[in-house]
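Those protein sequences? They're chains A and B, same order as listed.
Mapping the first sequence onto the numbering used here, position 370 (from 1) lands on 371, and the numbers just tick up by one.
Mapping the second sequence onto the numbering used here, position 515 (from 1) lands on 516, and the numbers just tick up by one.
Accuracy of the hints is not assured; some may be wrong.
One copy or two, either will do: identical chains are not told apart, so a pair holds if it fits within one copy or between any two.
Said to hold, decoys possible - The list that follows gives simulated cross-link-like pairs (lysine-lysine, DSS-like), each with its CA atoms no further than 27 Å apart:
id, residue 1, residue 2
1, Lys439, Lys473
2, Lys106, Lys512
3, Lys512, Lys61
4, Lys353, Lys394
5, Lys353, Lys248
6, Lys244, Lys394
7, Lys244, Lys174
8, Lys512, Lys22
9, Lys439, Lys22
10, Lys140, Lys248
11, Lys257, Lys268
12, Lys31, Lys524
13, Lys142, Lys174
14, Lys291, Lys31
15, Lys257, Lys291
16, Lys140, Lys266
17, Lys550, Lys394
18, Lys61, Lys174
19, Lys537, Lys524
Hints were generated in silico from the structure; no laboratory data involved.
2 protein chains.
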Amino acid sequence: MRIALSQLNLHIGNFEGNLAKMLTAVETAKAEKADLICFPELAVCGYPPRDFLEFDDFIKRCQQSVAALCEVSKDIAIVVGAPTRNPVLAGKDLYNSAYFLFDGKIQAVQHKALLPTYDIFDEYRYFEPASEFKTVAFKGKKIALSICEDIWNLGNENPLYTICPLDEMMPEKPDFILNISASPFNYAHAKTRIHTVKANVQQYQIPMFYTNMVGGQTDVIFDGGSLVVSPDGQVFDELPYFKECLKVYDLEEVMKGGIHREQAKDKIHLIHDALVLGIRDYFQKLGFQKAILGLSGGIDSAVTAVLATEALGADNVRVLLMPSQYSSDHSVNDAQVLAENLGIQYDIVAIKSVYDAFEAALATQFAGTTFNVTEENIQARVRGTLLMAMSNKFGHILLNTTNKSEMSVGYGTLYGDMCGGLAVLGDVYKTEIYALVKYINTLPIGKYRMEGVIPQNSITKPPSAELRPGQKDTDSLPPYEVLDPLLFQYIEQRQGPNELIAQGFDEALVKRVLRMVNINEFKREQAAPVIRVSAKAFGMGRRLPIVGKYLS
Amino acid sequence: MRIALSQLNLHIGNFEGNLAKMLTAVETAKAEKADLICFPELAVCGYPPRDFLEFDDFIKRCQQSVAALCEVSKDIAIVVGAPTRNPVLAGKDLYNSAYFLFDGKIQAVQHKALLPTYDIFDEYRYFEPASEFKTVAFKGKKIALSICEDIWNLGNENPLYTICPLDEMMPEKPDFILNISASPFNYAHAKTRIHTVKANVQQYQIPMFYTNMVGGQTDVIFDGGSLVVSPDGQVFDELPYFKECLKVYDLEEVMKGGIHREQAKDKIHLIHDALVLGIRDYFQKLGFQKAILGLSGGIDSAVTAVLATEALGADNVRVLLMPSQYSSDHSVNDAQVLAENLGIQYDIVAIKSVYDAFEAALATQFAGTTFNVTEENIQARVRGTLLMAMSNKFGHILLNTTNKSEMSVGYGTLYGDMCGGLAVLGDVYKTEIYALVKYINTLPIGKYRMEGVIPQNSITKPPSAELRPGQKDTDSLPPYEVLDPLLFQYIEQRQGPNELIAQGFDEALVKRVLRMVNINEFKREQAAPVIRVSAKAFGMGRRLPIVGKYLS
Chain A
2 MRIALSQLNL HIGNFEGNLA KMLTAVETAK AEKADLICFP ELAVCGYPPR
52 DFLEFDDFIK RCQQSVAALC EVSKDIAIVV GAPTRNPVLA GKDLYNSAYF
102 LFDGKIQAVQ HKALLPTYDI FDEYRYFEPA SEFKTVAFKG KKIALSICED
152 IWNLGNENPL YTICPLDEMM PEKPDFILNI SASPFNYAHA KTRIHTVKAN
202 VQQYQIPMFY TNMVGGQTDV IFDGGSLVVS PDGQVFDELP YFKECLKVYD
252 LEEVMKGGIH REQAKDKIHL IHDALVLGIR DYFQKLGFQK AILGLSGGID
302 SAVTAVLATE ALGADNVRVL LMPSQYSSDH SVNDAQVLAE NLGIQYDIVA
352 IKSVYDAFEA ALATQFAGTT FNVTEENIQA RVRGTLLMAM SNKFGHILLN
402 TTNKSEMSVG YGTLYGDMCG GLAVLGDVYK TEIYALVKYI NTLPIGKYRM
452 EGVIPQNSIT KPPSAELRPG QKDTDSLPPY EVLDPLLFQY IEQRQGPNEL
502 IAQGFDEALV KRVLRMVNIN EFKREQAAPV IRVSAKAFGM GRRLPIVGKY
552 LS
Chain B
2 MRIALSQLNL HIGNFEGNLA KMLTAVETAK AEKADLICFP ELAVCGYPPR
52 DFLEFDDFIK RCQQSVAALC EVSKDIAIVV GAPTRNPVLA GKDLYNSAYF
102 LFDGKIQAVQ HKALLPTYDI FDEYRYFEPA SEFKTVAFKG KKIALSICED
152 IWNLGNENPL YTICPLDEMM PEKPDFILNI SASPFNYAHA KTRIHTVKAN
202 VQQYQIPMFY TNMVGGQTDV IFDGGSLVVS PDGQVFDELP YFKECLKVYD
252 LEEVMKGGIH REQAKDKIHL IHDALVLGIR DYFQKLGFQK AILGLSGGID
302 SAVTAVLATE ALGADNVRVL LMPSQYSSDH SVNDAQVLAE NLGIQYDIVA
352 IKSVYDAFEA ALATQFAGTT FNVTEENIQA RVRGTLLMAM SNKFGHILLN
402 TTNKSEMSVG YGTLYGDMCG GLAVLGDVYK TEIYALVKYI NTLPIGKYRM
452 EGVIPQNSIT KPPSAELRPG QKDTDSLPPY EVLDPLLFQY IEQRQGPNEL
502 IAQGFDEALV KRVLRMVNIN EFKREQAAPV IRVSAKAFGM GRRLPIVGKY
552 LS
């Protein structure tokens, strides 16, 4: 039996586009003599469809796509994810299902039992868990069909769940496992995923074919890396990360095993590729081509410009250099060098005249007050408005360059440097950005126009917003080497004040930093969507009250 | 037996504050010879605590509050909501529980079984449903203890659930039902709630004491209106809406019944009171006193100013009048009259000079282009920046004045008129705002400084953003009398395109409006939190993808 895995970049709600991709894949698989082709979880509508699932029309269109796939299933079996109406008036209205189509008919429908409802996941908001489990008979084989999370409670060891779906199917002695997934990227997740797939295979002693989705859906990135694992527990094949792919496997070969093909998984390399895909898909799926951003001479905007150039091409990236009266000559120069290194269009627009106009307009109201954060914010907002004006006039999307360290502690101006359609680095700590710079600057020529594309001076100078004379980030914040590990423990690891102090962090610092994080929820609430690369990103996966008074 | 209901305005994560309020209430109830006092759901930590529940320290502090209440329970029983650790490593880590404290001990803990996971609710993200149900014996009575949603599947008629917790307790023949709730406001919900409580009482033929929370938690408003329903199915008492209250009832009197005390529930009156509470609590819970907003001469900003004045006092509200070169004289005049009617401080700051500075700064880049939405947006952003500068300099929170009609179709400038800490009218359609104006203008003197506080001219003139010569909202949008009912059907009623056309809406209009709603998700994602007054508000209760391509 020949089994095709089709790792596709699908688009939420784009029924025509998703169906067209799947029909093409079916033709390719047929040409390669596949008996069976697997598409990802909820492939017909894209993942996560969120509240679109509450619209009857949306579910009907999902079912129309299933019907269209049914029609081309005469000579090939198709496994595809789609929502199903729960026919019973008890429990949630829908199931998250895997359809097994063959011979022009729906042969079987297996619903998902384990519904992730944590972090970015809201599945129990929409879906009823499966309570029935049956293998599917096909060409003399029995197939255990499962959906994403269903393989993540092996041995009932995941405390979130009380059932293990594959255990329920094993009495029927299936020949192999198919899993269709929409498993999102974070820089540690591919390793965990392989571990989990392998552990299932070792437990049940039958091979698994695991198909994952690929592509960016605003903030959430799906990384692909679909897997075939032989009964010996070795990775028979691992599809590429961050790319579409179709590949056909001979079941007999997979059964034999003896092959081990795992790809390297370097954290910074993965983050780089995820961010490039995240930018590219955000533009492509919204129907835009061109990006604009402000280039300050610092490394955050430098890295954003580099990633945007790789994602969209140099012709589609434009930057503004917007020196204030407090900017060093170096800053403009460093930004200019980078723009020239990248071959992207740049303009220099000084902000002083507009800033002065604001000061004059408010002269009466501000009489007798002194320069403070207000004036710093005005400058940041002048920049935001200039960038948005360019964006509006020429059809660019503004890319936001805020990093995770700043976003955590609220070191940024709402409606100023927090403007943008997409926060490229909002899930990357400042110390990780330095690592990203190092990675980018050692990439061989060809990847970018030159080796060492980011100027050394941008890397070595102390970070500064340059909104008052001689300003440094460290005037307001602890050094990033101290701040970032503390933020990581609080945000990603959910450690409270006592645990943090027990870990050796200074008590006063813990109190100060946790307070900064918590009182700035109102800013993050209005921030641009953040491309998710860690296990806990700002956005839909982290939900905190604005008016809370905890640790603040 | 004397039973006290304590309807409190609690604050998420403010353990000291919440505990202090409850201790005071316990003292009052003791003084009034109550045998038992009931606090709302998750009263120790406030509702909804969201991802704070993932911090071990947060749960410990909840338990410390329970312990502190235990200590004062020697002479009075206390029923209070708090999270409980699930001791078993299977299923979610927490329960949402009602604690029954008496004689210095935890006498019983009843967990919640029905966990709302829809709209604004995420309870299954955190909590495991209860599987055990027992009544509590107290002073010769048996009490059926239940938590909020637990009474919302009467007769197993709610398709979301498969169990009815009170049915499980009835074999023990309880004498009365206690329900502790955090049931959020929408303008139709109080009626539904009374209907549900009555239906439970009619089913089980025993009285119910229903304690609800009160207060604003950023976007979500809890309206109070706690209930006592006698076995005859009549409302023995209904506590006030939008106010804290403690009241003690004699069980014998309640058993007798024969009293019916329901308050009137006018939609616009309720919305008015909810918005005032929403503003007041947002400021109070964040520790701010003063609001600023832009007054345009139109009704949205007029109503916002009136509500802010009622919530915070005239001394705490300041407005900017920011005419553009396209503003009519009338607009400034109408705004001035309103500010004087309200007795609030106002400043006039013309935006032309700053706008001109932006145009000059971008002259090279914009050479050869013509005035379009870019220049309109620059003007809106100049206003936003002026308001934020005042806010930063003097410690105001900026109130946003966007209405739901505009927010739905994206008729507003991100970082311009969409700026603000709180969107007061973001869940109120334009046509409802006219009704609100009518209501406000007929309130007796004393409520405001004068009758007819909002100038007639603001009400009668056609809505306009005044960002280009002679601009009217109807240049870009259908008339609000046409637009609003369509938006209501799509947003609140989740009707799809076919249903809308079947309802008689014009097909081209349906297509156009649904597209406008869906392509503007990126703007709403960055909007200020919206005070929720309807059954489907923008914010955490409505979750849609930005890059979706459905009906767009």
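Hint-by-hint comparison with the structure:
In this homomeric assembly, Lys439 and Lys473 come within 27 Å of each other (Cα to Cα) only inside a single copy, at 22 Å, whereas the closest approach across copies is 53 Å. When the C-alpha separation of Lys106 and Lys512 is checked against a cutoff of 27 Å, the pair qualifies neither within a copy, at 62 Å, nor between copies, at 33 Å. Only between protomers do Lys512 and Lys61 lie at most 27 Å apart by alpha-carbon distance; the minimum there is 18 Å, versus 52 Å within a single protomer. In this homomeric assembly, Lys353 and Lys394 come within 27 Å of each other (Cα to Cα) both inside a single copy, at 22 Å, and across copies, at 20 Å.
Taking CA atoms no more than 27 Å apart as the test, Lys353 paired with Lys248 passes in neither setting, with 58 Å inside one copy and 62 Å between copies. Proximity of Lys244 and Lys394 under a CA criterion of 27 Å is satisfied in neither setting, with 33 Å inside one chain copy and 49 Å between copies. In this assembly of identical chains, Lys244 and Lys174 lie within 27 Å of each other by CA distance neither inside one copy nor across copies; the values are 34 Å within and 63 Å between. Taking CA atoms no more than 27 Å apart as the test, Lys512 paired with Lys22 passes between copies only; the shortest distance there is 26 Å, against 52 Å inside one copy.
Neither within a single protomer nor between protomers do Lys439 and Lys22 lie at most 27 Å apart by alpha-carbon distance, with minima of 37 Å and 55 Å respectively. Only within a single protomer do Lys140 and Lys248 lie at most 27 Å apart by alpha-carbon distance; the minimum there is 20 Å, versus 72 Å between protomers. When the C-alpha separation of Lys257 and Lys268 is checked against a cutoff of 27 Å, the pair qualifies neither within a copy, at 32 Å, nor between copies, at 70 Å. In this homomeric assembly, Lys31 and Lys524 never come within 27 Å of each other (Cα to Cα): the closest approach is 52 Å inside a single copy and 44 Å across copies.
Proximity of Lys142 to Lys174 under the C-alpha cut-off of 27 Å is restricted to the intra-copy arrangement: shortest distance 10 Å within a copy versus 56 Å between copies. Taking the shortest Cα distances, Lys291 and Lys31 never come within 27 Å of each other, neither inside one copy (38 Å) nor across copies (68 Å). With identical chains, the CA atoms of Lys257 and Lys291 are never at most 27 Å apart, being 49 Å at best within one copy and 73 Å at best between copies. For the homomeric pair Lys140 and Lys266, neither the shortest alpha-carbon distance inside one copy (37 Å) nor that between copies (65 Å) is at most 27 Å.
When the C-alpha separation of Lys550 and Lys394 is checked against a cutoff of 27 Å, the pair qualifies only between copies, where the shortest distance is 24 Å, while the shortest distance within a copy is 42 Å. In the homo-oligomer, the alpha carbons of Lys61 and Lys174 never lie at most 27 Å apart, since the shortest distance is 35 Å inside one protomer and 47 Å across protomers. Within a single copy, Lys537 and Lys524 get their C-alpha atoms as close as 17 Å, and across copies as close as 23 Å, so both meet the 27 Å cut-off.
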